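> The lines below spell out each chain.
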Amino acid sequence: MPRVYIPTVMRKCVDGKSSFEVSGQTVGEVLASAYRAFPALAAEVLDKDGRVKPFIAVFINSTSLHDIENTARVRDDDEVHFVPAIAGGLD
Amino acid sequence: MPPINLVENSRSSTEPLLSEAELERYSRQLQSETFGGQSAQRRLRSASVAVSRCGGVGGTCAMLLARAGIGKLVLAHGGRILRENLNRMHLAYTEDLNRPYTEAFEEKLRAINPEVELTSIAQNIGEDNVDEFVSGADIVADGAPLFEERYSMNAEAVRRGKPLVSGAMYDLEGYVTTIVPGETPCLACIYPVRPDYWTDAHVFPVLGPISTIVGAVMAMEVIKLLTGTGETLKGHLWRIDLQQNWARQFTVKRRQDCIVCGSALN
Numbered sequence: 471m472p473r474v475y476i477p478t479v480m481r482k483c484v485d486g487k488s489s490f491e492v493s494g495q496t497v498g499e500v501l502a503s504a505y506r507a508f509p510a511l512a513a514e515v516l517d518k519d520g521r522v523k524p525f526i527a528v529f530i531n532s533t534s535l536h537d538i539e540n541t542a543r544v545r546d547d548d549e550v551h552f553v554p555a556i557a558g559g560l561d
Numbered sequence: 024m025p026p027i028n029l030v031e032n033s034r035s036s037t038e039p040l041l042s043e044a045e046l047e048r049y050s051r052q053l054q055s056e057t058f059g060g061q062s063a064q065r066r067l068r069s070a071s072v073a074v075s076r077c078g079g080v081g082g083t084c085a086m087l088l089a090r091a092g093i094g095k096l097v098l099a100h101g102g103r104i105l106r107e108n109l110n111r112m113h114l115a116y117t118e119d120l121n122r123p124y125t126e127a128f129e130e131k132l133r134a135i136n137p138e139v140e141l142t143s144i145a146q147n148i149g150e151d152n153v154d155e156f157v158s159g160a161d162i163v164a165d166g167a168p169l170f171e172e173r174y175s176m177n178a179e180a181v182r183r184g185k186p187l188v189s190g191a192m193y194d195l196e197g198y199v200t201t202i203v204p205g206e207t208p209c210l211a212c213i214y215p216v217r218p219d220y221w222t223d224a225h226v227f228p229v230l231g232p233i234s235t236i237v238g239a240v241m242a243m244e245v246i247k248l249l250t251g252t253g254e255t256l257k258g259h260l261w262r263i264d265l266q267q268n269w270a271r272q273f274t275v276k277r278r279q280d281c282i283v284c285g286s287a288l289n
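Sequences listed follow chains Y and C, in order.
Quick note, the first sequence lines up with residues 471 to 561 if you use this note's numbering.
Quick note, the second sequence lines up with residues 24 to 289 if you use this note's numbering.
Calculated directly from the structure, the hints in this document are not laboratory data.
Certain hints may be false.
Below, simulated DSS-like cross-link-like pairs (lysine-lysine); rule was C-alpha separation at most 25 Å, straight line [to be verified]:
| no. | chain 1 | residue 1 | chain 2 | residue 2 |
| --- | --- | --- | --- | --- |
| 1 | C | K257 | C | K95 |
| 2 | C | K257 | C | K276 |
| 3 | Y | K482 | Y | K518 |
| 4 | C | K95 | Y | K523 |
| 5 | Y | K487 | Y | K523 |
| 6 | C | K131 | Y | K523 |
Which bits of chain C does chain Y cover? Going by a derived footprint, with three or more residues having C-beta under 8 Å, they are [what the hints assert, rightly or not]:
| no. | stretch |
| --- | --- |
| 7 | 169 to 181 |
| 8 | 195 to 209 |
| 9 | 263 to 276 |
Here are some chain Y residues pointing at chain C (derived, C-beta under 10 Å) [unchecked claim]:
| no. | residue |
| --- | --- |
| 10 | F490 |
| 11 | H551 |
| 12 | G558 |
The structure presented is a predicted model; accordingly, all values stated were derived computationally and were not measured.
Even for Gly, the Cβ is constructed at its ideal location relative to N, Cα and C.
Chain Y with its partners taken away, still in its complex shape (with noise of 0.2 Å):
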């Protein structure tokens, strides 16, 4: 199945996981199913009308979810990348 991975700064919405498998023919499914087992996740990724918050980049394997339909089929192989925008440097 296919496995998304979760960075350390969402891990609390996801029982701590750095990763998880996830059922699904589509891209769609897949999100749809990992939305579902986790709805803390859900609510950190996405907006009040569904959509990813614009400060968080999806990937399926290599592509930007921008750059792919829902309906895409997904391979047992694939991965889900959740990738927010983060700044650590120094202060």
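The hints should help you fit chain C onto chain Y, whose structure is shown.
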């Protein structure tokens, strides 16, 4: 403004040949088949890089560029060294506590390589000094802990058509991307707005290895841009997770509606 071609516009063809001391100092990188030999070294020597800020990420970048033989570094960093900085800053030691950052950084960089020309701005980057900061450099290296600073550097780099290498980290994760205005997405294409959770410069945990790796990759990106060798991270967001021991490279694209580069380069 059209992007600046760093390799073609290199001033290295008019630069003097490497001295005996330089040939010895840089002998190990001159051995590299991928580095590009003496002409690449001369390109580094003729180049200027602006780095802000210069802590765990930016300081690592600046340090490695000094070691590699960059011609000039413009450093920007306001404030004084804190004890909490010492777990990751290569340019600050315990004896430097409470010294102005740029003063300590310059001292260490001069000790590393006295041939590097150093200019410091003892302030963090903002609207009132970003012009001075970017104008004096061929490339900008962004390691700032606040999005306001990052967006400011991004906008000015785009306005001037100058490449910007951006690196950031959080806990044991980090990412790097190389921005070439007109060719790649800018920071605002990738992240159009600041995240609501990034409220100040103290929100992020950090260990030395991750800030060092991010800064090192940034330095290597600068070297590749200047020498024309290797594959850069233009159009890619390279992400690393040191806790889980993996790295991935994601494709990022320009947004035609980007408020920074979507109209500025039309």
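> All hints, please: hold or fail.
How the hints compare with the structure:
1. Taking the CA atoms of C/K257 and C/K95, the gap is near 23 Å; set against the 25 Å cutoff, the hint holds.
2. Note on C/K257 and C/K276: the hinted pairing holds, with a Cα-Cα distance of about 10 Å set against a maximum of 25 Å.
3. A C-alpha spacing of about 20 Å is found between Y/K482 and Y/K518, which places the hinted pair at or below 25 Å, so the restraint holds.
4. Between C/K95 and Y/K523, the direct Cα distance comes to roughly 39 Å. Violation of the 25 Å bound is thereby established for this hinted pair.
5. For the hint linking Y/K487 to Y/K523, the alpha-carbon distance of about 21 Å falls within 25 Å, and the restraint holds.
6. For the proposed pair C/K131 and Y/K523, the alpha carbon gap of about 42 Å is over 25 Å, so the pair is violated.
7. With 3 residues having a beta carbon nearer than 8 Å to a beta carbon of chain Y, the stretch 169 to 181 of chain C meets the requirement of three or more and the stated coverage holds.
8. Coverage of a stretch by a chain is defined here by at least three residues with a beta carbon nearer than 8 Å to that chain's beta carbons; for the stretch 195 to 209 of chain C and chain Y the count is 4, and the condition holds.
9. For the stretch 263 to 276 of chain C, the proposed coverage by chain Y is satisfied: 9 residues have a C-beta within less than 8 Å of a C-beta in that chain, meeting the threshold of three.
10. The restraint placing Y/F490 at the interface with chain C is violated, with a minimum CB-CB distance near 13 Å, outside the 10 Å limit.
11. The interface hint given for Y/H551 holds, since its Cβ lies 7 Å from the closest Cβ of chain C, which is under the 10 Å cut-off.
12. The interface hint given for Y/G558 holds, since its Cβ lies 4 Å from the closest Cβ of chain C, which is under the 10 Å cut-off.
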